[in-house]
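Peer 1: The residues making up each chain are set out below.
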Amino acid sequence: MQEEQMVTFSLGSEEFGVDIMKVQEIIRIPPITRVPKAPDFIEGVINLRGNVIPVVNLRVRFGMLPGEETDLSRIIVLQIDNKIFGVRVDGVTEVMRLSSDSIEPPPPIALGLDASFIRGVGKIGDRLLILLELDKIMDGELMNEETA
Amino acid sequence: MGQDKNLGIELDDFLEFYLLDSQEQVEKLGSGLLELEKDTDNIAIINELFRSAHSLKGASGTMGFTPIVELTHAAEDLLEKLRQGKMAVTNEIIDVLLAVTDRLKLMLAQVEQKVPITEEYNDLTSQMKALSETGALTESNFSPARQDVVNQAENLLIEFPLTFSERQILEEAQAANKAIYQINVTVAPDALMKSVRAVMVMQRLEAYGTVVKMFPSLDELDNNDQHKIHILLTTMELPEEIRADILEISEILDVKVLNYAYAVSQNGFAVENKAEVQAESPATHNEPPKAAGQGKINSPAGLEPGQINKNKVHTIRVDTDRMDNLINLVGEMVITRTRLVKIGNDLKDTNQNVSLVNSLNDTNVYLGRLMSELQESVMRLRMVPIGTVFSRYPRLVRDFCRKSGKKIDLVIKGEETELDKTVIEMIGDPLTHIIRNSVDHGIEPPEQRLAVGKDKTGVITLDAYHEGNHIAIIVSDDGAGLDLEKIREKGRQNGLIAENEELSERDLTNLIFHPGFSTADKITDISGRGVGMDVVKKAITNLGGLIDVQTKKGEGTSFIIRLPLTLAIIQALLVELGEEIYAVPLSSVVETLLVNTKEIKTVGGLQMVQIRGNTLPLLSLRQKFDLPEREEEVEEVYVVVVGLGDKNVGLIVDELQGQQEIVIKSLGDLNGIPGIAGATILGDGKVTLILDIGSLIQDVLISR
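Sequences listed follow chains A and B, in order. Per the numbering used here, the first sequence starts with residue 1, numbered consecutively. Per the numbering used here, the second sequence starts with residue 149, numbered consecutively.
Don't take each hint at face value.
[Claimed, not checked] Some chain A residues judged to face chain B by a derived CB distance under 8 angstroms, without partners named:
#1 Ile29
#2 Val35
#3 Pro36
#4 Lys37
#5 Asn47
#6 Gly50
#7 Val52
#8 Ile53
#9 Phe62
#10 Gly63
#11 Met64
#12 Pro66
#13 Asn82
#14 Lys136
#15 Met138
[Stated by the list, open to error] Derived lysine-lysine pairs resembling DSBU-like cross-links, with alpha carbons at most 30 angstroms apart:
#16 A:Lys83 to B:Lys686
#17 B:Lys834 to B:Lys700
#18 A:Lys22 to B:Lys834
#19 A:Lys37 to B:Lys795
Derived from the structure by calculation, the hints contain no laboratory data. Each residue gets a CB set at the ideal place from its N, CA and C atoms; glycine is no exception.
The following block holds chain A by itself, in its conformation from the complex (with noise of 0.2 angstroms):
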């Protein structure tokens, strides 16, 4: 039976899941710089390892309200396509197997936010994981800063 391994993570109320594959690692949140003029979801850029990557409020971005940071906070940095960047979440829960049998279609009118993120829902149990493709998070912002 076919398998995924996810990477899943709180946001509010919520539990989402990323392909493990996706993300390079789990940091805590070091101090992000504002990048003035960026997109709202842009809470700003932090220093990885000498690299300058920019990080994605998920909150912002799926339009819940903002949260405060706890010792639970944490920045997961993906790589897509090449490119690398960082989303902020209230905390990583754990890593999970799934398989692709449990993996439902997004819903038609998805839990208030936008649908082209969401890949499916996966049923653990009661539990309802909100499976996420990233692939397209920072390509809001070149339309944004266009239509700005």
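Since the structure of chain A is provided, determine the placement of chain B on it from the hints.
Peer 2: Below, chain B without anything else, positioned relative to chain A:
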């Protein structure tokens, strides 16, 4: 394509080197031909061309690219005829050889794309064959310049005291159709053990043929403070190869390979008419280059100094990725060192063991000095002389002149000015465009020039020089100048100028940088497609530069491009805005001022201040970057005056933090945010943004 299947894999490794080298040789051929066109008697240029064609042929043969071999072979034959003086250089010859270089470029492009070479070449080879058969001259048609070279050569030949057995060797060599060369080697006068050098020379020469005689002898060399060695060699090899090989030995200043004509009848010594002199090396070349037409005779081979330098530079090719990696690492080290300094200072404040801390700090200072030297050397690796870009324009201008009947001289200056490789790569196309414009619209046809009392030959000058921390590149022509009336009219049509709006001359000329703005009445092959100057401007702005145009009706137009010297490490002024720190490239900082807030006036929504009688527009960075105004009232504010070219703007900041060297990092996906040029990492590991002065200035000036 005749590439051997079995060798394919192995040769693939060499393909890159082959391409680099061949492209270089083709470039050399192209530029050499243009020089030869102006200076048709210069045997040194012909030799140089022959050498390029020969090595191109050789390398292509090894790689199995038959079409290239055949094409270069025909070119080589033609050049050989010129070299021997059997033909005079004509326009047709230059034309066909230039066509050969074009064809070779196309072929090499196919090689690069790893497709079989399909470019036709028979037309060119048959043209060349026809030329070398019909154009042959008799010996009596030798040009006077060539005769002079011969005379010069005569003086350099010496009479060797030959024994009977040595004569025999020479006669045998002659019978076997071998060449006999007299090789004059100049050893550095201050070299120790000159005899050792002589032995090394002999050893190398043995590989080429038979060394018959050496004068003076080894003993005499060391005893009598001689530093010129004369050697008699019989060989089948080419003189230039021998020369190049010997020049590789250290402390050898100069090598001349002369035809030594040995004749039995004349007491064993005579000079044949075709004695040939090879180029002098720069070490002995102390004559300043003279005006064309006479200078070339005096310095035996008449090579331009620049050309000699090109041959003498010892270089290795390095993958740019590796180089960039090195530069990145050095950048990291610089940052790490600033951290070390900070730790040292912290220790000094808290630690009792003063002497140990002090020696740590001393070491830090020394390390800092080493680091800046290392950094500078590494950065220099990326610097490339702009001549590599300039060299493609003589051809462009020449071709256009032949097509259009205009007469244009292209004067190139400052080609040794060095620029960052990235800038060099990006600047070529914009420059081409500007030059095309000057050629097509700037310079008038000869009749029209004569009618207004100008010389019928127009001049386009291409110049580059350092200007502070910037490089200025100037393209100027002595043509008709921009037609301001036409621009105004066009501007009105396009709605760029309001009906009753009057623009200054300067603003008018700058309209040509607007998208889709072209004053050309008809679209020509060369330029005037309506896409143009706006693309040029965009390309230059992307490089962090500025472009400006100055024009005078009837006298000409100048385009002035200002570019940053390097793109990777810069000096920056750190400024504070509340909690945030920004870096201002020091190259753009004119001065810093403390300005009384009462003196700041708001005119038409723009803040201004009078400084020494001039009005300086101000920009509050807090406002620009969406930060709240400062809570406390201040009497005075810091103003960083930044400028590019002659446009100045004052940036209002909270505090100045001092200057520091920073390594520019890309913002990756976030590049292109207005006002931000990039980012850097400071000593404490925090990311700081670098201001994009060009875009900030443009913002302020536009909002005016």
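Peer 1: Has the given pair, Lys83 (chain A) with Lys686 (chain B), been kept, meaning a C-alpha gap of at most 30 angstroms?
Peer 2: holds (25 angstroms)
Peer 1: Can the restraint linking Lys834 (chain B) and Lys700 (chain B) be considered satisfied, given a maximum Cα separation of 30 angstroms?
Peer 2: violated (51 angstroms)
Peer 1: Just to be careful: measuring from the Cβ of Phe62 (chain A) to every Cβ in chain B, is the smallest value less than 8 angstroms?
Peer 2: violated (19 angstroms)
Peer 1: Does the interface hint hold: is Val35 (chain A) within less than 8 angstroms of chain B, judged Cβ to Cβ?
Peer 2: holds (6 angstroms)
Peer 1: A closest beta-carbon separation below 8 angstroms is what the hint needs, so does Gly50 (chain A) meet it against chain B?
Peer 2: holds (5 angstroms)
Peer 1: For the hint on Val52 (chain A), just tell me whether its beta-carbon gets within less than 8 angstroms of chain B.
Peer 2: At 4 angstroms from the nearest chain B Cβ, Val52 (chain A) passes the 8 angstroms test, so the hint holds.
Peer 1: Less than 8 angstroms between beta-carbons is the criterion; does Lys136 (chain A) satisfy it with respect to chain B?
Peer 2: violated (12 angstroms)
Peer 1: Interface hint check: Met138 (chain A), Cβ to nearest Cβ on chain B, cutoff 8 angstroms. Holds or violated?
Peer 2: holds (5 angstroms)
Peer 1: Holds or violated: Pro36 (chain A) as interface residue toward chain B, Cβ cutoff 8 angstroms?
Peer 2: holds (4 angstroms)
Peer 1: With 8 angstroms as the cut and Cβ atoms as the points, is Met64 (chain A) at the interface with chain B?
Peer 2: violated (22 angstroms)
Peer 1: Restraint: Asn47 (chain A) near chain B, CB-CB cut 8 angstroms. Satisfied or not?
Peer 2: holds (5 angstroms)
Peer 1: Checking hints one by one. Is Lys37 (chain A) an interface residue toward chain B, by the C-beta closer than 8 angstroms rule?
Peer 2: holds (5 angstroms)
Violation of the numbered hints given earlier is confined to hints 1, 9, 10, 11, 12, 13, 14 and 17; the remaining hints are satisfied by the structure.
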